[in-house]
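Here the structure of chain A is known, so what remains is to put chains B, C and D in place on it, guided by the hints.
There are 4 protein chains.
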Amino acid sequence: MTKKTVAEEIKEEVDAGYNAPSNVNEIEVINTYELEEKAREVVPKGGFDYMSGASGDEFTLKQNTKAWDKKGILPRVLADVEFPETSTSIFGQDLKVPFIMSPIAAHGLAHQSKEAGTAKGIAEFGGTIMSISAYSGASFSEIEEGLKDNNRWFQIYMSKDDEMNKNIIDEAKADGATAIILTADATLSGNRDKDDHNKFVYPFGMPIVSRYLKGGAKNMSLNNIYAQSKQKISVNDVHFLKEYSGLPVFVKGIQTPEDAMAAIGAGAAGIWVSNHGGRQLDGAPGSFEALEAISKAVQGRVPIVFDSGIRRGEHIFKAIASGADIVGVGRPVLYGLALGGWKGVQSVFEYFEEDLKRVMQLAGTQTIEDIKHARLFDIK
Amino acid sequence: MTKKTVAEEIKEEVDAGYNAPSNVNEIEVINTYELEEKAREVVPKGGFDYMSGASGDEFTLKQNTKAWDKKGILPRVLADVEFPETSTSIFGQDLKVPFIMSPIAAHGLAHQSKEAGTAKGIAEFGGTIMSISAYSGASFSEIEEGLKDNNRWFQIYMSKDDEMNKNIIDEAKADGATAIILTADATLSGNRDKDDHNKFVYPFGMPIVSRYLKGGAKNMSLNNIYAQSKQKISVNDVHFLKEYSGLPVFVKGIQTPEDAMAAIGAGAAGIWVSNHGGRQLDGAPGSFEALEAISKAVQGRVPIVFDSGIRRGEHIFKAIASGADIVGVGRPVLYGLALGGWKGVQSVFEYFEEDLKRVMQLAGTQTIEDIKHARLFDIK
Amino acid sequence: MTKKTVAEEIKEEVDAGYNAPSNVNEIEVINTYELEEKAREVVPKGGFDYMSGASGDEFTLKQNTKAWDKKGILPRVLADVEFPETSTSIFGQDLKVPFIMSPIAAHGLAHQSKEAGTAKGIAEFGGTIMSISAYSGASFSEIEEGLKDNNRWFQIYMSKDDEMNKNIIDEAKADGATAIILTADATLSGNRDKDDHNKFVYPFGMPIVSRYLKGGAKNMSLNNIYAQSKQKISVNDVHFLKEYSGLPVFVKGIQTPEDAMAAIGAGAAGIWVSNHGGRQLDGAPGSFEALEAISKAVQGRVPIVFDSGIRRGEHIFKAIASGADIVGVGRPVLYGLALGGWKGVQSVFEYFEEDLKRVMQLAGTQTIEDIKHARLFDIK
Amino acid sequence: MTKKTVAEEIKEEVDAGYNAPSNVNEIEVINTYELEEKAREVVPKGGFDYMSGASGDEFTLKQNTKAWDKKGILPRVLADVEFPETSTSIFGQDLKVPFIMSPIAAHGLAHQSKEAGTAKGIAEFGGTIMSISAYSGASFSEIEEGLKDNNRWFQIYMSKDDEMNKNIIDEAKADGATAIILTADATLSGNRDKDDHNKFVYPFGMPIVSRYLKGGAKNMSLNNIYAQSKQKISVNDVHFLKEYSGLPVFVKGIQTPEDAMAAIGAGAAGIWVSNHGGRQLDGAPGSFEALEAISKAVQGRVPIVFDSGIRRGEHIFKAIASGADIVGVGRPVLYGLALGGWKGVQSVFEYFEEDLKRVMQLAGTQTIEDIKHARLFDIK
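Protein chains in written order, with my numbering: chain A, 14 to 393; chain B, 14 to 393; chain C, 14 to 393; chain D, 14 to 393.
Chain A on its own, in the form it takes in the complex (with noise of 0.2 Å):
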């Protein structure tokens, strides 16, 4: 008998149904990246490399764990700090932690609960926002279950037909979204070698997309799902979507200053930085090497959010000594999804806190605040 390639394999699961993880369950966080490791051996492979894996040679993907190591924290001590104090907020809305979750597409990869397990997990933890990702595997009601009426964002993918960005966004604000999110880096799919290599379809339809997706799940690849929606993003669609809707918006996957520029020119109310966890551009440099020259070119005028890369509460502080505002956690939920259902979400949620905190304690920050105004070292 022949041995199956691991395109054969993963038609199989996908005609089987794809056999996501169902349990619910808190997990042990004792650091995300063993998280990843035990991931690996419940998630079917061909989720498993669509979540982990990247483009190109992952020299990107590298790259957002690798830029952490070139910025040390230093240790203040005699600073009279207890208790730190990880409250924040954005725009009006107060949060108990200055992360939130990242827009990701298909949890159902990682989990049965699909994107209504993350959400179930982040309303348990409480003062903390859910970006839906428009290229949800879930349905606003079906996520609304889990999330209840916590905060939260929606990501917006645009289709190439703007009637039905308008149908879209009508029913994002009509589930209570208080921010759009531009996804602005992903106008086609990045050269994905592990999904190629698996000739990796999602395994389940995109409830939210569907009206513009073409032909249904046979065309649920990532080069088709792409194809369909729109290329040609501009400043007109900053303005677009902010006229339409009247909520705030984030132009996601800003990686220069002149990009964070014509943002905030057009109109946005907030610049994301991300280079969309290297899947997008390989060859790009690792998302916090490019923090420090957008907050600088922005000076405050509108927030910041980061996301690509953080593993710690280490790179959360990082991130927010660097400029940033607020900072997206992604593949470390799922992968909590995949291991505990809500529970494991709500644990790595507590995990990131906790970690947070004790980061503060020994570099002397009792506040956010401090954070903003602490200083890193160069490492050579």
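Please note that a few of the clues may not be correct.
Copies of the same chain look alike in the list, so a pair counts if it fits in one copy or across any two.
Within a straight-line C-alpha distance of at most 35 Å, the following computed DSBU-like cross-link-like pairs (lysine-lysine) qualify [claimed, not checked]:
(1) K79 x K245
(2) K173 x K385
(3) K109 x K255
(4) K227 x K245
(5) K393 x K84
(6) K109 x K227
(7) K186 x K255
(8) K370 x K173
(9) K212 x K370
(10) K161 x K393
(11) K179 x K370
(12) K84 x K173
(13) K109 x K212
(14) K109 x K207
(15) K173 x K109
(16) K245 x K179
(17) K370 x K245
(18) K393 x K370
(19) K245 x K109
(20) K393 x K58
(21) K385 x K83
(22) K84 x K207
(23) K51 x K83
(24) K393 x K245
Quick caveat, the hints were computed from the structure, so don't treat them as lab data.
Frame of chain A; chains B, C and D shown alone:
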């Protein structure tokens, strides 16, 4: 029975006619690094080591690819890009893509169709240029069977005897060459340790230069071939080639601004920045490391072709953003030839086109001219 | 029969009394890296991981030793040196060597003789200083059995209750401490992933601080111990310790010029540059990386003690050449204790003395003062 | 039966007379790294570790070769070069090549022919210089059997007793030495961990210095030998050697401009930049890293010899381009001696000549003087 040495095995290959692959089929190109690994399995060892290997410690070979990681491409968003255009031109010739075939000796090591196979793949892809090496294992007429009327440039390894050089140029012109490439960096062979171990000799003749290679097949070692070629290459040769051929002359192997200016002063119509794929002077910098300073010196006086280290569309982008007008691809094409004959060659060209377009879209560049104005980011 | 988890194994060790080595013998010290590997074989895993491990990714731990390779010692020849002299002094105390014992908790993890064994090794070596940690597993009187009348400093982990602190200081003074070391960088425990995996608890009590540790042995986890200690360390504590003890006060854990100046302003008699062996704030620079800037700020106002990363005489030399007056050694001594009890400790001190003298001879430095004027070389 | 320790094995080797290779044959030198690996197989372990090993972490040993990769040679094309000329001269002695034999102790570890074998290989190659170490295992007359009338320099390890030094110099002069090399960087042995593990002792005597080594063979450990030599080397020794011998004096082991100038001030006729192959002060920079600053300080007042790390012709080129006049080769010659006796030595010298010529051709340099004016490229 005693185990044969590698040299003995290779001698047997040669005696047996050297058993290069002969199949013709499209190949799936996920990335070109994998092509190298696959080609290793099908090409006889002596030939594969010759093609893939380089000189000395292979420091310069490795530096050719490591150098890409010193410069990041900055993804530019909100750039209003869709369907990036890769067309460009050189010396009045329109090109579909800004990359061409670099001259490489002895394609017959990779595939029985030799240079004719490469030429046919290029012809089928269309809109690019075949560089024909004087050390081709196929004759002009054999190559023409594959190339049809497509663009070609001729790379000369000069004889010590200028009458023979005139003779060769006459033939190349008769064959339709529209430019002459003077190989200035290979007046003798680099110290290729693998070839020395293998006691590598070319398993077939070189019809174009056979008029000045004495001794025939018995003399087909690297050192002998180079010894019978001309060592004393100077600006006089640039002048001679220009005057005699009436064609634009490239000087290939330029790694310094000084040599670029000298070549231009001697009448070169183009500069070819290359370190011969790391095969000549080991301990030289990566070719990409040398490009920027040369481009600044040349200031657009003549076009710059760049090669040595191109493995992804990302690299083509980075080279053009650093001053190259046209990029040459070499080894990846030979691996494609080895794996699929002319169809494999075509697949490799198509891969580069698609991958470059993806990078252009994600980097926010609509045209080749836009790439030239893109800013790279120093990665530490 | 199911395999025991590491945590179960460690629990058994604790229940069984924790089986530390007890043999006493000289050891051959070729280098201290090998001592670590040998100690790994004889110390129970929970204890070894605690001693050798550090926080987070252990980035800072690794940086502590990698940092040495960024600065080269320049061998100075024709320097007319013979029999280099390692004697120095601090606060009027003459020292045979410029290195002392750094404070470390719980030596009993390494050897049944606990701190008394370390103290005896130091006493036999003579002419240096024992730092006694408040988290010692031995009492002052037990330590005195080994230490006899040798120099000692006392490292305090402060209680939230100053009366208890006074009480502890009274005892330390009665015991003969000639300086107080304020632990300013450990107001809670670093995120020590290995200890978390092992569910590490100290297998014995801490007599010096037991007055403020509630719950006894059941409470001997790192987090509990730190939680019961004082977090809000400030310049007031420096002032308090100085005034109450009447002794010179070091502030330990300084990594910035700012903190050094604050400590001096608050009355510190010495600065102790340290990152706690990489055990506290991971993501901090290597301790040696931080030294030079601090030394430049302090400008000799008070002496500087340096620790975190000393493994060879070469490192002692580099630290002194970069501004340290005295160097603390830590883990290597514990490994010596584990491998040979007090004789092992003595062997380690003798090794450092011999190795430092060799470096001094080869670097052309006759005295410690000469080292201070030696020029280091930036290695790229 | 218990397994023997390495130290026991080496003791047996010594007791059995130390079984060095004795075969004499040409060897194929593809590169000298491979020679090291082959020599490892034929030289007794104690001897091989002594020859190939270095001090401490072997950081400086590794840096000696890594340093080459920080500077790239720029291939210069159109340079009109053919048949590069490697001839040069020093102190009026004509040399065929710009490299000579560095002084090394105890060649008998590599081959039974001892220094006489090396000398004969050098004599057969011709046109270079044999440096004879005072720690030679062969006597002057034994060496003369191989060396015939070829050039030789004598490297002195000074005795504490100047009368003995005069006596040795008298003999060296009588033997025909045309320069004296003062070993200034080895007043005691580096901390060679491998030798310590092996409890290495020289398995034979040292006839030249036996007059001041007390105790004979039983005392042939490194530490004992160095202890009986002179430690207090100063400018007085340079003066003494110059005055007494009337010969040009090199100071060997220079790594700083300051020492170079001091040596010249004391009458040195040449500077020998070396870190003793990484065998003395570990933690020092790579020897090549130190060269440029020294050359700039010396400004051609006296010739500079460079060693420590030469493995390829490329390295000879880089050293000369950075200010060396002559380059010393060491370990590779010993490996050649081990593998083929005097014929192996000759093969290694021929390899370096051929490899240097290849580099000169490809770099576009016709003469040694041209190399001195070549520009290197900083590699990041």
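Verification of the supplied hints:
Taking the shortest Cα distances, K79 and K245 sit within 35 Å of each other both inside one copy (32 Å) and across copies (33 Å). Taking the shortest alpha-carbon separations for K173 and K385, only the inter-copy value of 29 Å comes in at or below 35 Å, while the best intra-copy value is 40 Å. For the identical chains of this complex, K109 and K255 are intra-copy neighbours only, at 27 Å inside a copy versus 39 Å across copies, given an alpha-carbon limit of 35 Å. In this homomeric assembly, K227 and K245 come within 35 Å of each other (Cα to Cα) only inside a single copy, at 19 Å, whereas the closest approach across copies is 61 Å.
In this assembly of identical chains, the alpha carbons of K393 and K84 lie at most 35 Å apart whether taken from the same copy (9 Å) or from different copies (12 Å). For the identical chains of this complex, K109 and K227 are inter-copy neighbours only, at 31 Å across copies versus 41 Å inside a copy, given an alpha-carbon limit of 35 Å. In this assembly of identical chains, K186 and K255 lie within 35 Å of each other by CA distance solely inside one copy; the values are 12 Å within and 62 Å between copies. For the homomeric pair K370 and K173, the shortest alpha-carbon distance between copies (20 Å) is at most 35 Å, but the shortest distance inside one copy (44 Å) is not.
For the identical chains of this complex, K212 and K370 are inter-copy neighbours only, at 21 Å across copies versus 42 Å inside a copy, given an alpha-carbon limit of 35 Å. Within a single copy, K161 and K393 get their C-alpha atoms no closer than 47 Å, and across copies no closer than 45 Å, so neither meets the 35 Å cut-off. Taking identical chains as interchangeable, the C-alpha atoms of K179 and K370 lie at most 35 Å apart only when they sit on different chains, with a minimum of 30 Å there against 41 Å within one chain. Taking identical chains as interchangeable, the C-alpha atoms of K84 and K173 lie at most 35 Å apart only when they sit on different chains, with a minimum of 33 Å there against 41 Å within one chain.
For the homomeric pair K109 and K212, the shortest alpha-carbon distance between copies (29 Å) is at most 35 Å, but the shortest distance inside one copy (41 Å) is not. With identical chains, the CA atoms of K109 and K207 are at most 35 Å apart between copies only, with a shortest distance of 29 Å across copies and 37 Å within one. Taking the shortest Cα distances, K173 and K109 sit within 35 Å of each other only across copies (27 Å), while inside one copy they are farther apart (38 Å). Taking the closest pair of Cα atoms, K245 and K179 come within 35 Å of each other only inside a single copy of the chain (17 Å); across copies the shortest separation is 53 Å, beyond that limit.
Within a single copy, K370 and K245 get their C-alpha atoms only as close as 42 Å, which misses the 35 Å cut-off; across copies the closest is 14 Å, which meets it. In this assembly of identical chains, the alpha carbons of K393 and K370 lie at most 35 Å apart whether taken from the same copy (27 Å) or from different copies (30 Å). With identical chains, the CA atoms of K245 and K109 are at most 35 Å apart between copies only, with a shortest distance of 22 Å across copies and 37 Å within one. Only between protomers do K393 and K58 lie at most 35 Å apart by alpha-carbon distance; the minimum there is 34 Å, versus 37 Å within a single protomer.
Taking CA atoms no more than 35 Å apart as the test, K385 paired with K83 passes in both settings, with 18 Å inside one copy and 29 Å between copies. In this homomeric assembly, K84 and K207 come within 35 Å of each other (Cα to Cα) both inside a single copy, at 31 Å, and across copies, at 24 Å. Proximity of K51 to K83 under the C-alpha cut-off of 35 Å is found in both arrangements, the shortest distances being 28 Å within a copy and 33 Å between copies. Proximity of K393 to K245 under the C-alpha cut-off of 35 Å is restricted to the inter-copy arrangement: shortest distance 32 Å between copies versus 40 Å within a copy.
In summary, the structure is inconsistent with hint 10 from the numbered list given earlier, while agreeing with all the others.
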